[in-house]
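There are 2 protein chains.
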Amino acid sequence: MSKIIDGKAVAEKVLAECGQQIERLKNQGVIPGLAVVLVGEDPASKVYVGSKVRKCAELGLHSRKIELPVDATQEDVLTVVKELNADDQIHGILVQSPPPPQIDEDAIVRAIDPAKDVDGFHPENVAKLALEDSSGFVPCTPAGCMRLLKEAGVETSGAEAVVLGRSMIVGKPMALLLMSKEGNATVTVAHSRTKELADVCRRADIIVAAIGRPGFVTADMVKEGAAVIDVGINRVDDDSAKRGYRIVGDVDYDAVAPKCSAITPVPGGVGPMTIAMLISNTVKAAEAANA
Amino acid sequence: MSKIIDGKAVAEKVLAECGQQIERLKNQGVIPGLAVVLVGEDPASKVYVGSKVRKCAELGLHSRKIELPVDATQEDVLTVVKELNADDQIHGILVQSPPPPQIDEDAIVRAIDPAKDVDGFHPENVAKLALEDSSGFVPCTPAGCMRLLKEAGVETSGAEAVVLGRSMIVGKPMALLLMSKEGNATVTVAHSRTKELADVCRRADIIVAAIGRPGFVTADMVKEGAAVIDVGINRVDDDSAKRGYRIVGDVDYDAVAPKCSAITPVPGGVGPMTIAMLISNTVKAAEAANA
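These protein sequence lines are chains S and C, in that order. Per my numbering, residue 1 is the first one in the first sequence, and the count goes up by one each step. Per my numbering, residue 1 is the first one in the second sequence, and the count goes up by one each step.
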């Protein structure tokens, strides 16, 4: 019964669209460029940065990786950001999160030129999202979730949607997208303080889970026929796995999937979309800079 | 059974608090100043501007009314805003809405110094609201609604709240306040495209109605014991009234009130709070400018 949403396939589709835009830009002499700033040696951050740079190379984008030592100062990072703001070859800038504790991440985000803020975290882009001004950049993960719903044929207009989590990375922007004139869903934002969470979830036609708790959404919380988007990426110990752990989502997939009209697996669901939307935002930035 | 929330009394309380802050500022040689820009001759706008200026005078605030003709250009309005931005005597600026059609209201709002944007409509303040940065200005009407709930002893944490309407003046900021770490409510935003609206409303412990339709919320849509905040200000014809109309809210008050644990009347509920929060924001702006 259940329809598994293939995030890899949708991401490929998004990237193919980007490829056409990149081709057009190249014909105008423009190569979209993404700069990724990595402060410190966090192993997971290194993996993320590596895959972003690799994806740029695959697609013929210009990319630049700037690595700063773990003891870099706020001023060091701001200097790099300012240089990248002024660099015509760079259309998108992201500073990999989380930076070391001496760095004030909010201040760094505010220093990025909003027109190059392809993560969509600058206050100017946050405001544009709330104001439904499509000239801004939407954060990659919720943008990817919206695209997955669309590609899976899930109608958001008039649907009851429940967003689990209220972060500015996923929960709140997701809610704003779903309740916008384009989404037209009736949106409930639920979180750690929500009472009767199972009841709240059970009324949803669409559930977006972004609370970072492995297997939190169980079968009894999901209405028959609901669409479920699982944003969670949680490590759980698994001795049978080569690395000693495996990655699971916020949804108890095996139990929930049979009840759903559509569901994203983890991995292979939302994950591949995030990087595809980052590329898409970078191409959008390059187009806007050369319009 | 029902507890009528006296918006006038709560507004007086807010203004009394402002009075103490104003006294402290005066002792430092600062008089908080509000500038109100009125473009054109709209009668309702004239009434609103008049009452804002009068309230400032009552409280010993400095106020300035700038009237521009109905055929003022965008450049005329921007010039006034720029002068007010640079004026040390002015801590708060608002341009009365709606301006005549030749004026791009969004561009005017963006031109106001965010530190003087006491209406809370500048994108920088919109973003601060979403990001839960309390240094920004919250739009006056939703800020007033939150204060009314607090004064009425309505617990928002863990409550199911339904906001009817998704405008950036009331609905969305109200939802953001209710779902913030301070509000902690489980918030649903319902609107014109919501199906089964009555069912959605019936699950609410708190209803905030801001859809601009007289008497839209009927008794069957309200759970026994719910708190109801009525933001609506609608004119309906009434031959028995001196002016030929009367003002009613979005809630069918007479039928709904007996079911509620708390409810705001119209007039005398949210209305008086809006101007009180405007004064409060102006005093906050003056304090921040002199910190």
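Read the hints as simulated data drawn from the structure, not as lab findings. C-beta: ideal position from N, C-alpha, C; glycine also. Among the hints, erroneous ones may be present.
Calculated cross-link-like contacts (lysine to any residue; reagent style SDA-like; alpha-carbon spacing at most 25 Å) [what the hints assert, rightly or not]: (1) 195(C) with 157(S); (2) 46(C) with 241(C); (3) 150(S) with 195(C); (4) 181(C) with 104(S); (5) 195(S) with 46(C); (6) 195(S) with 199(C); (7) 223(S) with 241(C); (8) 195(S) with 191(C); (9) 181(C) with 261(S); (10) 195(S) with 131(C).
For the chain C half of the interface with chain S, some residues (derived, Cβ under 10 Å), not all of them [stated by the list, open to error]: (11) 53; (12) 54; (13) 57; (14) 59; (15) 63; (16) 132.
The following label-pair restraints were derived from C-beta to C-beta distances [as the list claims (entries may be wrong)]: (17) 51(S) with 16(C): 28 to 36 Å; (18) 236(C) with 78(S): 53 to 61 Å; (19) 98(C) with 158(S): 38 to 46 Å; (20) 107(C) with 88(S): 35 to 43 Å; (21) 107(S) with 104(C): 52 to 60 Å; (22) 107(S) with 153(C): 50 to 58 Å; (23) 21(S) with 51(C): 39 to 47 Å.
Hint-by-hint comparison with the structure:
1. Among the hinted pairs, residue 195(C) with residue 157(S) is consistent with the structure: their alpha-carbon atoms are about 9 Å apart, no more than 25 Å.
2. Taking the CA atoms of residue 46(C) and residue 241(C), the gap is near 22 Å; set against the 25 Å cutoff, the hint holds.
3. The straight-line distance between the Cα atoms of residue 150(S) and residue 195(C) is roughly 20 Å, inside the 25 Å bound, and the hint therefore holds.
4. Simply put, residue 181(C) and residue 104(S) have alpha-carbon atoms about 21 Å apart, close enough for the 25 Å limit, and the pair holds.
5. Annotation: proposed proximity of residue 195(S) to residue 46(C) is violated, straight-line Cα distance about 46 Å (limit 25 Å).
6. Restraint check for residue 195(S) and residue 199(C): satisfied, since their Cα atoms lie roughly 18 Å apart, inside the 25 Å limit.
7. At roughly 51 Å between alpha-carbon atoms, residue 223(S) and residue 241(C) are farther apart than 25 Å, so this suggested pair is violated.
8. With a CA separation close to 23 Å, the supplied pair residue 195(S) and residue 191(C) stays within the 25 Å bound.
9. Between the alpha carbons of residue 181(C) and residue 261(S) the distance comes to roughly 33 Å, so the proposed pair goes past 25 Å and is violated.
10. As the CA atoms of residue 195(S) and residue 131(C) are separated by approximately 24 Å, the hinted pair is consistent with the 25 Å bound.
11. With a least beta-carbon distance of about 29 Å to chain S, the hint placing residue 53(C) at the interface is violated under the 10 Å criterion.
12. With a least beta-carbon distance of about 32 Å to chain S, the hint placing residue 54(C) at the interface is violated under the 10 Å criterion.
13. Using the Cβ-Cβ criterion of 10 Å, the hint placing residue 57(C) at the interface with chain S is not satisfied: the shortest such distance is roughly 34 Å.
14. A distance limit of 10 Å between C-beta atoms decides the matter here; for residue 59(C) the minimum to chain S is near 31 Å, and the interface restraint is violated.
15. Interface hint at residue 63(C): violated, since its Cβ lies 28 Å from the closest Cβ of chain S, which is beyond the 10 Å cut-off.
16. The interface hint given for residue 132(C) holds, since its Cβ lies 8 Å from the closest Cβ of chain S, which is under the 10 Å cut-off.
17. Our hint of 28 to 36 Å for residue 51(S) and residue 16(C) is violated, since their Cβ atoms are close to 58 Å apart.
18. Taking the beta carbon of each, residue 236(C) and residue 78(S) are about 57 Å apart, inside 53 to 61 Å as hinted.
19. For residue 98(C) paired with residue 158(S), a C-beta distance near 30 Å fails the hint of 38 to 46 Å.
20. A beta carbon spacing of about 27 Å between residue 107(C) and residue 88(S) contradicts the range 35 to 43 Å that was offered as a hint.
21. Here the CB-CB span from residue 107(S) to residue 104(C) is close to 31 Å, at odds with the stated 52 to 60 Å.
22. Under the hint 50 to 58 Å, the C-beta atoms of residue 107(S) and residue 153(C), about 39 Å apart, miss the expected range.
23. Separation of residue 21(S) from residue 51(C) is about 53 Å and departs from the stated range, judged on CB atoms against 39 to 47 Å.
Checked against the numbered hints above, the structure breaks hints 5, 7, 9, 11, 12, 13, 14, 15, 17, 19, 20, 21, 22 and 23 and satisfies the rest.
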